[in-house]
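**Student:** Generate the whole structure from the sequences, applying the supplied hints.
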Amino acid sequence: MAYIAFEDVVKEYPSGSTSIRALDGADFKAGEGELSVILGQSGAGKTTALNILGGMDTATSGHVVVGGRDITHLDRHDLITYRRNDIGFVFQFYNLIPNLTALENVELASQICADHFDPAETLRKVGLGDRLGNFPAQLSGGEQQRVSIARAVAKKPKLLLCDEPTGALDYETGREVLQLLQDICRDEGMTVLIVTHNAALAPMAHKVIRFRSGRVGSQDINPNPTPIADIEW
Amino acid sequence: MDGMRSVVGGTGRPMERTAGGKAGIGGVAGAAVPMSGRDPGKGHGGRWGRPAGSAFLVATLRSWLQSWKPFLSILVISMLGVAVLTGIYAGCRDTFLAADRFFDAQGLHDVQVLSTMGLDDDDVEALKQVPGVRAVQADRSQSVLVEVDGKQRSAVIREIGTQGIDRPSLQSGSMPAKAGEVAVTERFLKDSGLRIGDEIDVTADDGTDDAETRDGTADGTESVGGGTEAAPSFPTHLRITGVVLDPSDLTNPNGYSRSSFRSSASDDYVLFAPSDGVIGDVYTSVSLLVDGAEALESFSQDYNDLTSSVAKRIESQVQSTREQARLDSLKADAQEALDDARKDTDTQFDQAAQALADQQAQLDDQRAQLDAQLTQLGLAEANAPPQLQAAIQQLETAQTKLDDASEDLAAKRKDAAGEFAKQQQEIDDLATPRWYVQTRSAIGGFSSLKSDISSIESLGKAFPVLFLIVAVMMSLTTMSRLVEEDRGLVGTYLGLGYGRVTIALRYVLFALLGCLIGGGLGLLVGFLGIPAFLLVVIKGLYVIPDLRFEYDWLVGSLGVLLFVGGVVGATLVAVVRELRQMPASLMRPKSPKPGARILLEHVRPLWKRMTFLNKVTARNIFRFKSRLIMTVGGVAGCTALIVCGLAINDTVAVLGEQQFGQINQYDMMAVSNDGDAKTMRERIVSDGQTTAIMDVRVENGELTNASGHGESIQLVVVPERQLGELDEMLRVEAPRSEGLIGWAASLFGSGRQDKTIALDDSGIIVAQSAAKTLGIDSGDRVSLKADGFVPATTQVHAVMRNLLGSQVYISEDLYRQLFPDSSSGDADADTSAITWNAVYAKLKGDSTHQRHYVAQLEEDGTVMTAVSCAQQMEDFKFDLMGAVVALIVTLAGALALVVLFTLAHTNVSERIREMATLKVLGFYDREVHRYIDREMMVMTLMGTVIGLPLGRWLASLLTGVLNMPSMYFEVTVSPWSYVAAAVATLAFAVLVQLFVNPVLDRIDPVSSLKSVE
Ligand SMILES: Nc1ncnc2c1ncn2[C@@H]1O[C@H](COP(=O)(O)OP(=O)(O)OP(=O)(O)O)[C@@H](O)[C@H]1O
Ligand SMILES: [Mg+2]
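Going down the list, the protein sequences come from chains Y and U.
Heads up: the first sequence at position 165 corresponds to 165 in UniProt numbering, and the numbers run straight through without jumps.
Heads up: the second sequence at position 712 corresponds to 712 in UniProt numbering, and the numbers run straight through without jumps.
Check the hints yourself; a few may be wrong.
Said to hold, decoys possible - Quick list of simulated restraints, FRET-style, between CB atoms:
1) U:L599 to Y:G217: 51 to 61 angstroms
2) U:T502 to Y:D115: 56 to 66 angstroms
3) U:L65 to Y:Y171: 37 to 47 angstroms
The hints are simulated quantities; they were obtained by calculation from the structure and are not laboratory data.
In this text, a Cβ means the ideal position worked out from N, Cα and C, and glycines have one as well.
**Tutor:** Given below as structure tokens:
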């Protein structure tokens, strides 16, 4: 039984008289403790799928099951609780609170979860042990993204969702960030989903899910993921 | 908008990337306010599809529709501001204009001339010749006593003018036309319980020369004996034919002002009679209308200047010659009468002497005959027969009688000569009559209306300034935010080649529109709403016919213009600040305010103990410095306004208690006519209700400062032997220091020293409430005029704390010294020159008992007025001020609400992304609310804490502006006012949160975090 089951999910956005179908019966699965990569053209519905999975949005129809729990029809409050306890999000834009130091940004997340990693320790793990007291404006983009990852991870989420985490980063920094995600998946046994445009990243994942116009085109399982360090693009 | 947006949208992705890469965390703009649009994907075709101009227009209009919240706050703030600016002014102006119309319609005199000895036709003729005088009317009036509600009350019968000056306005019934008819005021009917058609009897009030009437009516005329002229005299049996409104007294008899502190000023009833039946050719006064005065507004400076100039001209050109001429003619008349009398008497005496002489001759004849008979008989007188003996006896008796008679005559002649000499002396000593040339400001009803309304008007001038400042601050905040949200869009337009002016216009027009609509609504409220409210109160105080709403184009337009200027100016500042940047940098999101350590963090023990969210709140508060200043400033301003309003209310509320309960240590003041002084005092003593009594003399006077500004005052002469007792009857102490220092001192209670002042012969003590109007201080030289005397210069020994009334205290010796002829005024007694016509007394019993006793005492015929401090304290009210304060507090509250709302809205819209992040992290709605609300609450608290003392300070500034004669506002703020202001402000903050929280709930993290823009 897969950890994540995305079954025949339809997402419609009303737009005037007609409606836009962002997801049109998307269907995929992902295993626990695995790193999955979602690929697809722009507008294919990747972000939409991720948002539904992360409890930020709800499906129009279909079923979304995470860790054996059907989250399709959760109400507003339960969705928040779900996000709070089970989900960690990483965005292309790091969305750090500018007024909080790196440590405090992480604390902001950890303090609302009963069971969490130590914020300072988490930052140390992402390689920012000596930048705890810095404000976001004093950090580079890659460093900010690492704070953002630390913030997502510190909550001990069941699911780490990353939407184009390297989109705003240069090649080297992007590699470092991806390496970090891969390490987290491996070391902490966390289930990780990464949305990316970069098909070259496919080898790093346990599973590659391809989106095409709101549907899942293919799901390839990769029994031996390549470490990021060995991938060049 | 679509067309334009597509430029960004279509090429969007690469741009977003670079932008995000450079700026780190995305800009905040597009997310919350749809203005900068996020219509995904579509509209590619629109790029060239529409003429740019119309697209721009459409986009602009759409963005305006979407920014309704900032629009609303600009609108409401402008509305409140314009309403405050124009409203109080309009209410006062309506009152002034209506009163002016009424005065003009009734021909209320511009100048009036009174004389201590009346005026005659020659005076009238002379006044007619003065340049600038349009019409002249000789008035006759008589002081009478009339029974009102079982009591003899003094009243004045006035002849209804023949030249249309000072015409009473008929309210009901008909104007009296024949002798024996009379029109009365509503107050008279109300007090007497009579109705039209009823009859009254009046008796002439033979001027016991009391202070009230001495210069009001020409009582002097009657004392000049023997002249051919006669003082005016009216029929004494009168039938009431109508009720009239006296233009010189607009006090509303049915309103609440009768019991207010002013009412004691005017006490005589006025009865209006036609010329028919009036005897006498000496005029009490001459009323004048001034050329061109009717066109001017009676309460304006221009009017004042014009009429004063004519009054001055009369004083300099005709007064002294006519005074002398009048004296000469009075003397001539009296002399003639005396001479006639002397001649008559002389003739009578001569005739009597002649008669005596004749009798003597007869007697001598008889005696001669008798002697002849005796000689014939050859008898000696002793041997005469009995008949002759008897005849001789008779003759001798007759002779003795005759001798006695002529002796008598001689004595009488001497007496008469003495009497004539005395009368001659009186004529020679006749004092020069004194003229009083007065303008309308001498009319009590006129000046009380003027000062009441003017004080309100001055409040109305001070408050709008604060509203304007707040309005500018708020539009700066709002518009800066609006432009900031549109950064990318503005950059795009600039990139497309739109001119800066066109783009700026988009915002300027937005603000202008909000301001104009708000201003228009403000004018409606200002010229209709607020006056409607004020007029209700004003109508309770004064009867002013034809009181209606009037629009003032100049002030209305200027008011709106002022706010348009402020708001549009602020908008321009905001827009220009953004537009100065290059398009490229505009299209990049504004880098968010970097975080920084705050001072508090260095207080380690404290910082460590704070919860995480408290730390975040603390940091956030100090992160946006300008927002902190705006919020704290705005809230402080509004709290201050509320405190200030309540403080004025408190100050007025305690005026009565402070004056009548604390400063006035005496419980009763009773005044009698000079003639009754002794009787009254005896009565009071025999009543045995007093625990202490002090004799004084109370009279009307005038105090003039160095620059020639004069005010009428109540002169209190204190007997030399009781100088030391003054401070038992009054709390004679130095004024309390004003402003923050005084306030701070009062906080520490008795830290202030109540410095007492003693009255001595070195100068006068002036009540603070009078001193302030004249701007005089201790040590100043002033000119003091006692009733009926020539002004004398003296020194102000001290100013004494006093809130109501305009008393001036003077010692007996100084009074004699300044007004030396006070002893020759009284014919019989050089011993007690000053009549102690009043007493201050402390009474036994509680206040109810005291009020009862004083009311009873006032019934006594010898008592002119008796006032109980307990009663005055209870009666003291100042409703007009209360109404204005209520108005201001309401408006300030509304302003506070708008300010808080605007700031909360700006705050939220600036930080949508932050909120979205919190939501993604899994913050519950309540937690998100708290995150924002806590900041607002802390800032509101800070604002409140600053606003409370600020309001106190503002109140002392404003009461300083309220320069009302015979009133001194000693700022007092009850602790409850602070509590009320703080609670109200905090309640507003909570209310605003209730509005803001749903907005927070509606923030959608998905769309908010989607892109950088
Ligand atoms: N809030 C919305 N309202 C209407 N349509 C939407 C909304 N969000 C997404 N869509 C539409 O749904 C489709 C899928 O969008 P989604 O953001 O999931 O694409 P994506 O695969 O993430 O693309 P990209 O790689 O460009 O990020 C798109 O066609 C988009 O226009
Ligand atoms: Mg996407």
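**Student:** Could you run down the list of hints and mark each one as holding or not?
**Tutor:** Here is what the structure says about each hint:
The given range of 51 to 61 angstroms is respected by L599 (chain U) and G217 (chain Y), whose C-beta atoms sit roughly 57 angstroms from each other. Between T502 (chain U) and D115 (chain Y) the C-beta distance comes to about 57 angstroms, which sits within the given range of 56 to 66 angstroms. In this structure, L65 (chain U) and Y171 (chain Y) meet the distance hint of 37 to 47 angstroms, their C-beta atoms being roughly 45 angstroms apart.
Against the hints set out earlier in the document, no violation occurs for any number.
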